[in-house]
Amino acid sequence: MGIISYVGSFFATPPPNQKFAERYVLVTGCDSGIGNLIAKALHRRGYCVFAGCLTETAFRDFLVHPAPNFRPFLLDITKEQSIQQCARMVSHETKEKGLFALINNAGCNEGFAFEFTSAEQIEKTMEVNFMGPIKMIKALLPNLRQNIKYNMKKPSKDQDIHPRIINITSVLGRTTVPFYGAFSASKHALEAMLDTIRVELLPWKIHITMIEPGPIKSRLTHPDLVEISKKFFSSPEITENTLTLYGEDYIQKVIEFWQKIHSGQDSPKEIVRTVVESVEVGFPKDRYVVGTIAKAQVLLHNVLPRWVIDLAWGSVIRLVGIWPKEVKELEDGVLNDDISSAPVASSSTSSTN
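What the sequence shown shows, in the working numbering, is residues 1 to 353, in sequence order.
Hints are computed from structural coordinates only; laboratory data are not their basis. One or more of the hints may lead you astray.
To be verified - Straight-line distance between alpha carbons at most 27 Å, and here's what the computed DSSO-like set of lysine-lysine pairs gives: (1) Lys205 x Lys138; (2) Lys269 x Lys19; (3) Lys253 x Lys124; (4) Lys205 x Lys97; (5) Lys138 x Lys97; (6) Lys19 x Lys253; (7) Lys328 x Lys269; (8) Lys153 x Lys285; (9) Lys154 x Lys97; (10) Lys149 x Lys325.
Stated by the list, open to error - Derived CB-CB ranges, DEER-like: (11) Pro66 x Ala312: 48 to 54 Å; (12) Thr78 x Lys325: 35 to 41 Å; (13) Ser91 x His301: 39 to 45 Å; (14) Asp332 x Glu115: 20 to 26 Å; (15) Leu304 x Lys149: 45 to 51 Å; (16) Leu202 x Arg306: 41 to 47 Å; (17) Asn241 x Val303: 36 to 42 Å; (18) Lys153 x Glu115: 42 to 48 Å; (19) Ala192 x Asp310: 19 to 25 Å; (20) Ser82 x Thr292: 32 to 38 Å; (21) Ala192 x Val303: 18 to 24 Å; (22) Trp204 x Glu277: 18 to 24 Å; (23) Lys328 x Arg198: 45 to 51 Å.
In this text, a Cβ means the ideal position worked out from N, Cα and C, and glycines have one as well.
Using the sequences and the accompanying hints, generate a full structural model.
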């Protein structure tokens, strides 16, 4: 309880509301980072929280500090059996009240520069970031519909608060940046699917919302440089030919580039507040762009032509030294050839007799 109170006060979450005690919310990816903070903030507001954890360690950490109406459980959104167990648990615990909000937060980024990323890494990123949330929505729709039926029996003012599905996507679901291809593709796919689901679920009055943060401090976006270097250097995609083309310092330069991007990242409190808002308002927006960096990216993406964006990114990565070794050598060779073949100015002396 001390931990929950501290987190709540740190993010200035409003005090508990008694009417929320009948509302059940489920958050995925609560092991650490944003998901962990969202689950604790909503619990402090008075909601009954199901906190999905991928690892036994995170699950047991929650059990060390048990709290009423806070239910941690193991959940792997890539495993159908785990998802179905989750749906049965929610149905059993919520009974006639149903599920008020599903918050799809779990995510990963297995990708890197395209030629350094295996097909298996791209598939895993798509499985977690795209198929995982879609499977969760399919499995829990009956519980969300049950919440509608329960609300219809309540006073008219409470009937206007409808269940919702809130998805932590990314500003990269709308834009792209170099070296995040797999991650960006998974978020683009998820946002496209959610836009269609939103319309199809209009008759049921189930809200679909996307939270689109930019670089936010969490385990996903602030990796340890040494560990991630080891990971990518051990990839089967790193062959002798790849290293010949790109050079051994290419990976390190990309990782340093990631570090620079995230050094100006926004505080996680903004995304936590946005999620709490989208849970509590009567009619949440279809999208919330979170953070100054994300808002700037969306603005530039909407205003600038694609070729300008490509040229700008190309200039940036060259400026920070992310340039393939073989290209550098070819360019240096051409430059040296040009210099050696240039006519040499000669000085002539003339004498008059």
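### Ascending list of hint numbers which this structure does not respect
Those not satisfied are hints 6, 7, 10, 16, 18.
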